[in-house]
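The whole structure should be built from the sequences, with the hints applied where relevant.
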Amino acid sequence: MDINQEDMSDPISGSDQNLNEVLKNETITLPMNCTGSGHTICCVCRLDIKEHAKTISSEDRDLVLLKKNVFIPEGARCCSVHMINHQLTTASIDRVAPLSIQYKKFNSSDIQVLITKWQMLFEKKKRLDFDNLHSLSDDEYKTFTSLSKTQFDDLIFQISMSKIRNSSNRSIRTAIAILLCKLRLGLSNKMLAILFQLPEKKAISRALESARDALMTEFVPYNLGFNHISRREIIDQHTSAIASQLMCGDEADKVIVVADSTYIFIQKSRNNNFQRKTYSLHKKRSLLKPMIVVSTTGYIIDCIGPFFSDFSNNDASIMKNILFRNTNKIIDWLNQDDVVVVDRGFRDSVDIMEGLGLKVALPPFLNGRRQFTTTEANQSRYVTKIRWVVEAANARIKQFKFFSNTVQNSSLPHLEEYLSIFLEKNNLKKLTSKWEIINHTNILDEFPILSENDIVNNITLGVFQLKRARSYAEEKTSTTDLTGPVDYTMYRCKEFPDIIRIPTRSAHVNRLTHNPIIQFTSNDILEWWCDCPTGNGMLGCCSHIASAIWFLSFERWQSHNRQMPSGDFINLATDASLLSDFYDSTDDEDGTN
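What the sequence shown shows, in the working numbering, is residues 1 to 593, in sequence order.
The hints are simulated quantities; they were obtained by calculation from the structure and are not laboratory data. Note that CB positions come from ideal geometry on N, CA and C, so glycine has one too. Any given hint could be a false lead.
Derived lysine-lysine pairs resembling DSS-like cross-links, with alpha carbons at most 27 Å apart [claimed, not checked]: (1) K54 x K149; (2) K283 x K149; (3) K190 x K163; (4) K54 x K117; (5) K67 x K163.
DEER-style ranges, computed between Cβ atoms [claimed, not checked]: (6) I101 x R127: 32 to 42 Å; (7) E51 x S160: 21 to 31 Å; (8) K467 x R206: 51 to 61 Å; (9) K385 x A91: 34 to 44 Å; (10) D153 x N272: 42 to 52 Å.
What follows is the structure, encoded as structure tokens:
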């Protein structure tokens, strides 16, 4: 029997069309966790939007739905502080919470579009994406670059005027991240190409060169070297009280610097002359020696070198070379009677330094004797007490795998640049020139007034931190009367006056000081962060942050002091160490009496 193929195709085509129409019109109703959708209420913090409301983009709405299973209605708005570059910050996304459960209808087209968007997000996902603000957490930034996300953003901003540009393979942020990852992790170019999903290791080499040139042009000169900071800033902001008292006494205009060299191990060289000059008889390896100059707080002033490491390039010879050549204008920067703290390896350069009018703090020598005099022993202790900061700076260098491992010969032409980049980047963590010291009374009228219930419900999310708040505040002010006149100093950011930093001593370690940072308006506490182990948690805050907020927003507005019995416990016992430094007795003296 003959069959007409056209007649057979018509009913099939018609059935497919009918099926598509049915599927297109079919809907499904799903319960969704939804935020608010108003134009005057922030969908993130649920507070009234005072000004500069921002509309949540469709990309952020899709990301929040995928990451948190929270549906943000189209047209929802948030406060401007929750966005950077028109994108919700990671902290803001984590803060989004459902306001209600609503039933939403979706048809097949909506589901298909949603699946397509998720597929596109998945395809765009990179192993390490420094361009997406949501991709990496603050801890991940520190792991790969040693900088926090804020510090990394600040670094990118400072080099924005350089010649570095985005390319087809990588962005400016990715190029800087590649360089920092290489220094931090010590990875080869081939491994970095795999990690950053670049086509070949030559692309890594080009990215490293661009990032290196940008940092050396726009960043290093302003953060490293004797020209980048004045003597007065070193004296006022980077000189410890104990060093000033031990080395200068009542002289307030003297700079104290600590100098020492460190080792950077390198490969053996085919060049015989270079191999001889870089071979250290002491370490039995090939190495180069940069000279590090720091303040008594560990702030890195300059890095000079690197120098060779053979027998004729000891610490004393290197210091003589630096002074004779006036390297980096060190002689112009130092003044008469400034103090240079060094170890015994600099003994042959002491005459040169003293001839230039400098005071040299050097541990004494026995010179054939069996023991030091009391004065000499104390002098040795003073030097050791002060110069440990340069050893700590050298140890920080070795925390970066690029410098702790053997440096490849191919990287030697750029070793000085890599050292400069690392050292000035390390100063980001100790930089105080962007902060000004103020008393709490300067910002008291600008800081929001909160009740203890407000602090517990919206900030600490618990009462433990509030119980510890008074203890930290009493120690910082050195009094138990927190409602009277007190000295509660803090640092205020010069660029962003709504950000303050309140150094707070650790309750457990004497030498450790934490730095809680708070961003605020006159009505609310916006953000907070602390460098303590729990200061970057997702929920609540640490006790150091709670103490600062509690003192500024609540306790200072109380009319009656709430005296705690434990506040006077310090007077119940005697501290023997207060006398031990002034009186010394020995068994020999007891035996002669």
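For each hint, the structure was consulted:
Distance hint between K54 and K149 is fulfilled; the C-alpha atoms sit about 23 Å from each other, no more than 27 Å. Only pairs whose Cα atoms come within 27 Å are accepted, and K283 paired with K149 is rejected, the gap being roughly 38 Å. For the suggested pair K190 and K163, the alpha carbons sit about 26 Å apart, so the restraint of at most 27 Å is met. Restraint check for K54 and K117: satisfied, since their Cα atoms lie roughly 23 Å apart, inside the 27 Å limit.
For a cut-off of 27 Å, the pair hint linking K67 to K163 is broken: about 37 Å separates their Cα positions. Checked against the given bound of 32 to 42 Å, the beta carbons of I101 and R127, roughly 36 Å apart, stay inside it. At about 27 Å, the beta-carbon gap between E51 and S160 stays in the expected band of 21 to 31 Å. The hinted range of 51 to 61 Å is satisfied by K467 and R206, whose Cβ atoms lie roughly 56 Å apart.
Taken as a hint, the range 34 to 44 Å holds for the pair K385 and A91, whose Cβ atoms sit roughly 41 Å apart. Checked against the hint of 42 to 52 Å, the pair D153 and N272 passes, with Cβ atoms roughly 48 Å apart.
Violated hints, listed in ascending order, are 2 and 5; each of the other numbered hints is respected by the structure.
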